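Peer 1: Keeping their order, the protein sequence lines are chains H and V. Under the working numbering, the residues of the first sequence are numbered 1 to 79, in order. Under the working numbering, the residues of the second sequence are numbered 1001 to 1284, in order.
These are computed hints drawn from the structure, not numbers from a lab. Keep in mind that this is a model prediction, so the values were computed, not measured. Virtual Cβ for every residue (Gly too), placed ideally from N, Cα, C. Any given hint could be a false lead.
[Claimed, not checked] Interface residues of chain H toward chain V, partial, derived using beta-carbon atoms under 7 Å:
no.: 1; residue: Ile29
no.: 2; residue: Tyr42
no.: 3; residue: Val45
no.: 4; residue: Leu49
no.: 5; residue: Met52
no.: 6; residue: Arg53
[As the list claims (entries may be wrong)] Which residues of chain V face chain H? A few of them, derived with a C-beta cut under 7 Å, are:
no.: 7; residue: Arg1046
no.: 8; residue: Val1049
no.: 9; residue: Tyr1261
no.: 10; residue: Val1265
no.: 11; residue: Val1272
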Amino acid sequence: MEHTVDLDEVDEEANTIVASPERTGFLPIVTNWFDRIFVGIYLFVALELLWMRFLEQSIPLVACHVLAVALGVLIVWKG
Amino acid sequence: MLAPTIAILGIFGIVPFLYVLYVAFHQWNPFGANPYMIYNGAGNFRRLVFDSEFLTSIAFTLKFAFFAVFSEVILGYLLAQLFMREFPGRAFFRTIHTLPLIVAPIVVGSVWRLMTTPSIGIIPYLLKSWFGYDLNIGRDATMAFALTVIMDIWHWTPLVTLTLLAALVSLPKEPFEQAQIDGANRWQIFWHVTLPMIRPAILATVFIRLMDALRTVDEVWMLTGGGPGAATRYLGLHIWKIVFPKTDYGYGSATSIIVLYLTLVMCWLLYVALVARRGQRRTP
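Model the full assembly from the supplied sequences, consistent with the hints where possible.
Peer 2: And the structure:
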């Protein structure tokens, strides 16, 4: 019995496997989960530093922690 | 198969990083009144965002990195194009133009210091006798800054040239022949054919040079010592002064972490701007 392989089907399957971790969310780039964690950490640090510089005298840093973590989760989830 | 690599990366990369991160959250001056580590939370970072010397040195470093890297890429590309052409002594010039690369940065700094010291240096002497200009980098902040940039360009342009030369040599001839048949001029060939094809090499070179420029210490230390005033006190030098003469390890670690953070952010932004825009697949 002759066994044939459909090369187009194999290519399509391979592309699906490679492409699956990447997707587009509200961030203006194609990202995978690691990119989104990375962006989340960048923004977390930036927000903390800016908060300490400009807002900590009036609003405690805990508020920034909550905001930064929420933003991080949003980016990882929907970014 | 990967275990040795992971072990080496862990021992020499990740463990020191985690240790610096740990120290950054402590107050630690082993030669101070209290030589023990004291946890102070985000205290070092809080001190950092109000430290005018640190903020000034960020601005100077960014200015230095921009001028140095931009000039090196332009000059490096022009030299690479020159070395692609046939001319007498090409092999000789290709070899000697790489000589600055094999000189240690501290030696480069020493040599440039000797060349720019008033009364004994050749550069102030020539500037004085040819143009009547009195060069003194101990007094003139603008000239001190410019000389650090020129020294960096002199030292690192050959690296850019080599990288771009390798990229240009490896390009196939067919797209260029096709563009010429289609009637494209030299500028159009450069903009639409050469530049897109060597973009990965340019990007890699810019990343390497940018990271290097943001942590430059020894050359500048030898040439200007960070002066006059704080005109050339770049981030690497700023950290060195905190960690070694002042032995303030906690604050120095916090500063190092922020410099690492800035470097990563800048490289990532550059990468996003030039490569990973929406709709484009990322290269692995």
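Peer 1: Confirm or reject each hint.
Peer 2: Hints, one by one, checked against the model:
1. Ile29: At 5 Å from the nearest chain V Cβ, Ile29 (chain H) passes the 7 Å test, so the hint holds.
2. Tyr42: Because about 6 Å separates Tyr42 (chain H) from the closest Cβ in chain V, which is inside the 7 Å limit, the hint holds.
3. Val45: holds, 6 Å
4. Leu49: holds, 5 Å
5. Met52: holds, 5 Å
6. Arg53: OK, holds: Arg53 (chain H) within 7 Å of chain V, min 4 Å.
7. Arg1046: Constraint on Arg1046 (chain V) satisfied, holds at 5 Å.
8. Val1049: holds, 4 Å
9. Tyr1261: With Cβ-Cβ at 6 Å, under 7 Å, it holds.
10. Val1265: Status holds, d = 6 Å.
11. Val1272: holds, 6 Å
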